[in-house]
Structures are given as structure tokens and as C-alpha cells.
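Q: For reference, the chains in residue letters:
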Amino acid sequence: MLAKPLHAADFVVVVHKDNRSEITQQLLMQLYLKKTAAFADGKAATLLHLPRSSAEHQQFCLELLNLTAHQYQSYWSRLVFTGNASNLQFANADSILQQVQQNPAAIAYLPADTALSGVRQLGFLRDGQWRDAPVTY
Amino acid sequence: MKSKSRLNHQLCVLFVGCCMWLPAQAQQPVSVNGFGSVRLGELLPSKDNPQLVEFYNEDGLSFADDTLFGLQLQAELDTDLSYTLQLLSKAVEDYDPDVSLAFVRYQLDPNHQIKFGRLAVPLFAQSDIQYVGYSHDYSRLPKAMYYRFDFEVADGLAFEGQQIIQDFSLKYVMQLTEFSGNVFKNQGSGGIPIKLHQMKNLRLELAYQQLQLFAGGVRADTEGDQLNVQLLEPLRPALQASGASPEAQQQFMAALNFNKDAEYAFWGLRWQYQAWKLEAERSRYGITESADVLNTAEYLALSYRFDRFIVTLHQEKLAENPENVQWLQQVTAPKLRQIGLNFSKNVNNNTYRMQVLSWRYDLQPGVALKADIFSGKHQLDRVGRFNGFSLGVDFVF
Numbered sequence: 005m006l007a008k009p010l011h012a013a014d015f016v017v018v019v020h021k022d023n024r025s026e027i028t029q030q031l032l033m034q035l036y037l038k039k040t041a042a043f044a045d046g047k048a049a050t051l052l053h054l055p056r057s058s059a060e061h062q063q064f065c066l067e068l069l070n071l072t073a074h075q076y077q078s079y080w081s082r083l084v085f086t087g088n089a090s091n092l093q094f095a096n097a098d099s100i101l102q103q104v105q106q107n108p109a110a111i112a113y114l115p116a117d118t119a120l121s122g123v124r125q126l127g128f129l130r131d132g133q134w135r136d137a138p139v140t141y
Numbered sequence: 025m026k027s028k029s030r031l032n033h034q035l036c037v038l039f040v041g042c043c044m045w046l047p048a049q050a051q052q053p054v055s056v057n058g059f060g061s062v063r064l065g066e067l068l069p070s071k072d073n074p075q076l077v078e079f080y081n082e083d084g085l086s087f088a089d090d091t092l093f094g095l096q097l098q099a100e101l102d103t104d105l106s107y108t109l110q111l112l113s114k115a116v117e118d119y120d121p122d123v124s125l126a127f128v129r130y131q132l133d134p135n136h137q138i139k140f141g142r143l144a145v146p147l148f149a150q151s152d153i154q155y156v157g158y159s160h161d162y163s164r165l166p167k168a169m170y171y172r173f174d175f176e177v178a179d180g181l182a183f184e185g186q187q188i189i190q191d192f193s194l195k196y197v198m199q200l201t202e203f204s205g206n207v208f209k210n211q212g213s214g215g216i217p218i219k220l221h222q223m224k225n226l227r228l229e230l231a232y233q234q235l236q237l238f239a240g241g242v243r244a245d246t247e248g249d250q251l252n253v254q255l256l257e258p259l260r261p262a263l264q265a266s267g268a269s270p271e272a273q274q275q276f277m278a279a280l281n282f283n284k285d286a287e288y289a290f291w292g293l294r295w296q297y298q299a300w301k302l303e304a305e306r307s308r309y310g311i312t313e314s315a316d317v318l319n320t321a322e323y324l325a326l327s328y329r330f331d332r333f334i335v336t337l338h339q340e341k342l343a344e345n346p347e348n349v350q351w352l353q354q355v356t357a358p359k360l361r362q363i364g365l366n367f368s369k370n371v372n373n374n375t376y377r378m379q380v381l382s383w384r385y386d387l388q389p390g391v392a393l394k395a396d397i398f399s400g401k402h403q404l405d406r407v408g409r410f411n412g413f414s415l416g417v418d419f420v421f
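So the sequences go chain by chain: Y and G.
Per the numbering used here, the very first residue in the first sequence carries number 5; after that it's consecutive.
Per the numbering used here, the very first residue in the second sequence carries number 25; after that it's consecutive.
Calculated lysine-lysine pairs in the DSSO-like style (CA-CA distance at most 27 Å, straight line):
#	chain 1	residue 1	chain 2	residue 2
1	G	K369	G	K284
2	G	K219	G	K369
3	Y	K38	G	K224
4	G	K301	G	K401
5	G	K195	Y	K38
6	G	K219	G	K284
7	G	K195	G	K301
8	Y	K47	G	K195
9	G	K301	Y	K38
Here are some of the chain G residues that sit facing chain Y, going by a computed Cβ distance under 8 Å:
#	residue
10	I153
11	V156
12	Y158
13	D191
14	R329
15	D331
16	R332
17	V420
Covered stretches of chain G (in silico footprint by chain Y; criterion: 3 or more residues with CB under 8 Å from a CB of chain Y, positions within the stretch not fixed):
#	segment
18	55-61
19	85-98
20	122-132
21	225-236
22	385-397
Simulated from the structure, these hints should not be mistaken for lab results.
Source: prediction; values computed, not measured.
Quick reminder that beta carbons are idealized off the backbone N, C-alpha and C, glycines included.
Extracted from the complex, chain G is given alone in its bound form (with noise of 0.2 Å):
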């Protein structure tokens, strides 16, 4: 950890070092932009945290869950060829920064490019401005959903284009990426490696006048080999003592193996009229045939626009059922069945629906304040009802 933090620190002087030298050596413009959010918030009571992956897990106020620093530098080196590198510090990793956009982007013509390098990996359909406070309404995007994945960024190359159809407009994207690093972070000893192979990812918008239809989908061969030995390893005395054949145990551990497909898929709209707004966005995702069940996520979100207050209600939901085990359709002894199905419930537990009503208050050029407060209820007893707010300020520059 310490050889990533002393890594990106000398990568924010050097990045720091290129905004001041770049603009002044240049002949093209180069712009440096930024943007953040500084947000308070906490859960009531604390007690009953649902333990929600950077939600607000710490006891008491806290600072740290949705506060972050993003800062880009994007350059023309000619008319067709550009570069952008940003930079993500969030608090909830101490503001160690990362990398999170790294390309270079070919303009073929005004409505098509290529981008090569380091890319936000469109999982869902805000999935690359999620950081961004201020491009959207909530306080944070929808949790159900944009939980920040580990692999939200990958290496590789993309397509984008976009197209008038008469009255429509289409806006397509497509990519093939790399990922390599650890996912679980934040359940502590610096996560478990993985591997994505061949992420194909393909994203789809078509809008006519105020409506918005978009969906999109990614599908990766996965290496977690790690995943298998942290998580399936410990099973091991279980199916020993169960008595059955090694052949059925070996049969049951090929049945949970994670090196398998990765999908995820989602769909949605966005309907704006006079000063209402309506978004709807569901997602399909997880390994199939594999111990990670099939997760569904989604949110309905209604907004009202009273010029520069936005009152914004919505709804998300959360759902993994860990009875779904097709993919112990292979096994049939009963006892090592059980054993699967046991498993699952462990691993496949986060389910919860949470309603959220927030406010948004432009209250300059670049800075909206905002503020929200949630209840919910999770599935696990430990955790039953949960409420909370936050308060905060989000600004581009």
C-alpha cells in the first residue's frame, strides 16, 4: 500500500507539473478541469448500520463516504488527436489518488472516435460520470446500483459514434479492455486479485426530443483463481466429511468455480417534460453458472424543477437471491447440495430497497448544493430498517 501511495503521489507532481508546463508550451489550448464533492452524512441509528459498501459504515458523522477530488487535463495535440488524463482522490482511500481516465482519442470524423488507453468501463448507464457530482441530480447516484465497482476502469480500446436518424439521435459505444487488480477492497487485506479477459462492452442511447432510451451490456471471461482459493478453498473439510466420492466433490467445486463468463447488462429511459424528469434504470449482472447468484438492481426516480431547486424522489433496490442455485443443477448429493446452498446464502446476502428524497440547489455557475435523506430495509435480521441523510456541496471548475 505505502509503494501505491509514494506511486501516485509522484504521479500527481508530474501530473500537477504537466497542468502548469503544458498550457504555457502548447500551441493547442489545453484545459484543466476539476470537480468534487464534499458531503456529510451518516446513518440513524447507528447502530443498525447495514454495513453497505461505502455507505456510511463508520459510526457517527461522517466525511469520508461520498467526499472526493477529480482534476483532468485534456489537450489537442492537433485537430483529430487529443489527450485527457484525470486523476480521482477519493477520502474514503485517504485521498491516495488513482488514475481514473488515461486515452488518447482519434476524432475519425465529428461524430465518431477512438479512444486508447486507460477508459471508464460503462457497466450501467452513468457508470462514467458516477464521481461526478454535479452532472446529476442525486446526492449519489442511485447505491443499489453504483456501488463503485472495483473494475469501473480497464485498459484498452473504444469506438464511439453518434448519428441523426431523421429526428432520433443515436449514440453508440463499444469497447474491448483488460482489467487486472483486486476486487473486495473494502473488506480489508487489500482485496483479492482478478482478471478480466476480453471485456466486450457495447452501449446504446437513442433519444427523441426529451426521451431517452438507453441499455448496454459487458461481457468478460474472468481469472480469479484467488477468488477460488479464498472463498471456495475453506469448504474443502466440509465436503471431506460429507463422505462424498472425490469425483462429486471435485464435480462441486468446478460448479462454484468464479472462472467463468462475467455479464452484466441494463436497460432504462429518461423522459424530461416542461420541469419533471423521470429516469428508470434496471441491471442484470454476475458470473454465470457460478456461486456469484444472478444480482438485480434498479431505481425509478421522479424530479420537479422549481428553476434552480430540484426535488428529486426515487427508489432503488438491490437484489441477490441466494436459493437461486442453478449452478447446482451438476450436483446431486443432497448433503453437498446443502453444503452449496449454505454457501450461497453467506456470500449472496446483500438485498435491500431504499427510498431517497433529495435537493439540489444551483446556487452558482459550477456549484450545487445538495442534501438528502434515505430509508430503507435490508433483508439480514442484523441489519432490519435503516435511515440516514448527508449534506453537501458538488462543483465542477
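Next comes chain Y alone, as it looks inside the complex (with noise of 0.2 Å):
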């Protein structure tokens, strides 16, 4: 049986594979606009995002914020200058999947087609819609 193709605009979230929180989209937004910066368990988070100027990235943030990429930006050099965060970190597919691996606190999206491997998939967002199970074809 073939599987259907993925929807252009499927993101997986992952996370390290130590970390048991589960998730909320409302949850999953307040972390991204750093209204809360920590797990449901309370545990710090810190975000990874995929290329600034990449079409998931920018997917990403209409999807998930409602907002462009240049608007997600501009929301977060609030945070920057008054010196609440530092500043964005951007990292291709593979450096992201690695920095999951490694670090305990991190959380990330990738494209739905992503090969994962030691990380633990939160769910998956398709046309704005946050599913808290793996990502189905």
C-alpha cells in the first residue's frame, strides 16, 4: 500500500528523549513567543527554530502564530532589547536533530518527513492544528 504524501505543511515537535512533558498548541505557542519559558513539568526550554529565511520556518510561524516570519522576528527583538532574551537560534534539520539529542531542554519543529532518530516526537502540526500523537500519511 502506498502512503499518501505528507501535507506540504506538516511539522513534527520533538524534544529530548528524557523529557516526559506532554504538550498543548496553546501550550506549544506560549513557549515560541517565550510567554512561558518552561515545560508543563517546569523545566526550562530552550527553542530551536530552522533557517530564518527557509520556507518552513516561515510556515512555521503563520502556522503555529499567526504571524510571518519578519513579524515573529520583530515580536522577539522586544524580548531581545529589553534584555529578556537572547537572540533567536537558527539551525538547519540535521544541526537541530543533533542539538535535540544532546541537550535536555530543547525543543524543536521539523519538516514531517524529517528521518528522527533519539528524540522523542511530541506531535505533529498540520494546517494550524496541533495532533499530540506521531505524525500520520
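Starting from the two chains in their separate frames, assemble the complex, guided by the hints.
A: What follows is the structure in C-alpha cells.
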């Protein structure tokens, strides 16, 4: 049986394999807007992003936050220049995967067709809707 | 002024030195960030210049009013401790840099922190980012409210936190600071020194999905002896000529005295729905029971986003009612009341409304081009209607 093609806007959200936190769409949004800096269990979260100019980053910002990537950067600059956050961290998918494998605090989104290993998948985002289950095809 | 320039020059050299030296020495990352705005604008026609504070007061095209540069050094001393140093150079002050932030931050837990040092005083909802043009969609934050107070930074302590309550997020900021410096610097002579003691500030932000409600307030004890000397003492000859008794004159001066509580309060909302954004804020402030009547400022803004292009229309209004002279309640002599009323009309006359249409175009990450046209009306007859425009670029790095 042939797998259905992935939806263009599917993202999986991953954390370190030892991170047992659950997440809702609201909490994911609050994390990426730094309205909270911690997972549900109170442990600090470190956000990772796909490259700033990538179509994936732009799509993720729109789907989750209803902001363009430019607006997201504009929003984040408020946090940086009040001394409340560091710069956004951008990396390519391979590097993100590596960082999530090594950093218990890391959380990242990746294109749904990324081959995942050594990380825990919290769920996936499709058409702006969060599903806390492994990505389905 | 010259000694301030020398001091700030030395500060800049030290800052740049730190920027170059610390990243190489520190084991933890040191980040250097910056922001800036370069904007050209003009009021039309210039002969009707309304003399709004720092708002295209010069005749003709001007780069000075909105152009500024900021540089920030932020370093993690360990996982919980960090420091932030920010310098701000405004063209209107001939790029003489000021320390706009200088604090140590201690992270109590992921969602709570204390800051100690020079802090931005959140007089209003966006006061702490008012100079970071890139962080908002306006060409400048509504002038009626964000007209650049001299005491927008102060030294002290802050406790900041945020909490998730079901689907709501709540952010709270509490500050206790002291300010010592000059006000009315824009009116020449280096300004008038005042002190604001025990500035107590509380700011709350409640967010649910795309809706944000915010409110806050500041209360401080004003020590404004020089304000009294420079603004009130010139009234003495008129008081003596009125024939009022010395006791009545004393009571009159006590009523106008500026050594009282300064109070600021603001509240508003921000709501985003698909490509639309609505933002509104209102504030009331002044020195209570003094010759400084209550000011009210407000704005209402509606934006629409076309991908990289954002159009915003807003109306802003500042009102000072010079006839609101409750502080003259204790003064019964008609001649003295009239002197008080005349004084109030002279010093409390900044009432205007303005409509502004702004465009923002996100050219590339960290760079936004902006333009606006504005039209307003000031209550002073010598000002009346005014129009203008500005073009510029805001950036961060």
C-alpha cells in the first residue's frame, strides 16, 4: 500500500528523549512566544528554529503563531532589547536534530518527513492544528 | 554638557572595548545586538509647527527627530546570572550616548527573574521598547502617549514573572526605582532637576490566544524644589499685588507646589485576528493636587497585513484640561484663583489629536522600511491644524 503524500505544511515537534512533558497547542504557542519559558513540568525550554529565511520557518510561524517570520522577529526583538531573551537560534534540520539529541531542554520543529532518531516526538502540526500523536500519513 | 559628552565618550570607548574583549574571554556566549532608526520627516506647512515635544520642531526636512542608534551587550555569567548593558544615541541629542539599560538579571526559575540596576520604567505598555522601531509597526509609537519622558529609565530593582493558568498566560512586572535628573530638557538650559523617590511600578499582561489585555501604574514621591522655584516663584509679584493676606498667599503656593505624588496609570488591549490587528491604550497621569493637571492620552490603531506589507491607521489624542483646577479648592480669594487659573492655562496647554496612516515593508530579516503621513489639530490657535510625513528605515541586528 502506498503512503499518502505528506501535507506540505506538516511539522513534527521534538524534544530530548528523556523529556517526558506533554504539550498542547496553546502551550507550544506560549513557548514560541516566550510567554512561558518552561515545559509543563517546570523545566526550562530552549527553542530551536529552522533557518530564518527558510520556507519551513515562515510556514511554521504562520501556522502556529499567525505571524509572518518578519513579524515573529519583530516580536522577538522586544524580548531581546528588554534584556529578557537571547537571540533566536536558527539551524538546519540535521543540526537541530543533533542539538535536541544532546540538550535535555531543547524543543524544535522539523519538517514531518525528517528521519527522526534519538529524540522524542511530541506530536505534529498540520494546517495550524496540533495533534499530540506521531505524524500520520 | 561638555563634561557629560566626555563622560559618555569614555563610556562608549569602554563599551566597545567590552564588546570586543568579552566575547573572546568569556566562556559563556556574549551577544552584541543593536537597533536603530533613520527617519526623515517634516511638518507641513512648517510655519504652523505645533512645537510638539521632539516632533519635527525644526523648519524644513529633519533627520534629527526620530533617528537613533542603540547598542546592547548581553552576557550569561552562568546559567542563572546575566548582565545587559545598552547604550542609546539619539540624533536629537547630537548622538551623545546615554546608558538606557544596565542591569544584572538573576533567574529564580525559568519563569521568574529579578533585575537590579538601571531599568526601563514601564510608564506605559510599550515604554520599554519605545526606541526599538523595528519591534512595532508604527513609524513611531503614538506621540500623544510615548513622547519621551525624561524619567523613562531609573535605578532600582525589578521582579518579573509569568505564569500559565490553563489557556491564559499572565505576565507581571514589579519595580521599585529612584530617579534623579532633569526634566523639560527640550526647553533649553539643560532642564530643571527633579527627583522621583520610591517609584513603585506594577504592570500586568493577560493573554489568551491572540488577545492581550494589559494595565499598569506608577506612583512616586516628587521632589521638585527647582520646579517650584522656576515655575511658581515668578508668581510672587502678582500675588503681592493682589492684596491677599500672607496666609492666603502661602496657602496658594502650597496648593500649586509640585512636591506631591506623581501617578501614572495605563490600560489597553491588543487583538490579532488573521491578518488584522487592533491595538488600543489609554493613560492618565500627573502630579496629584498640584499645578500639573491630569493628562489623558489615548490611541486606537487598526492594522492589516499583506504578507510583508503592513498598513496601520491610528488616531491618537493628548488632553490637558487647564480648567480642571481642583487643586485650587483650598484657595478662596477670587484674585488668587484667577492667578492660578491663568497659570494653569499657560502651563497646561498641550491638547491635540492626530490621525496617522503608516506603512511598514519588511525588506529583509531585521530591516523594515516605513513611511507615514499624519494630520492633526492642536487646541492652541497659534498652532491649529498641522500635517506632515516621514520616511525611514528601522533595523535590528
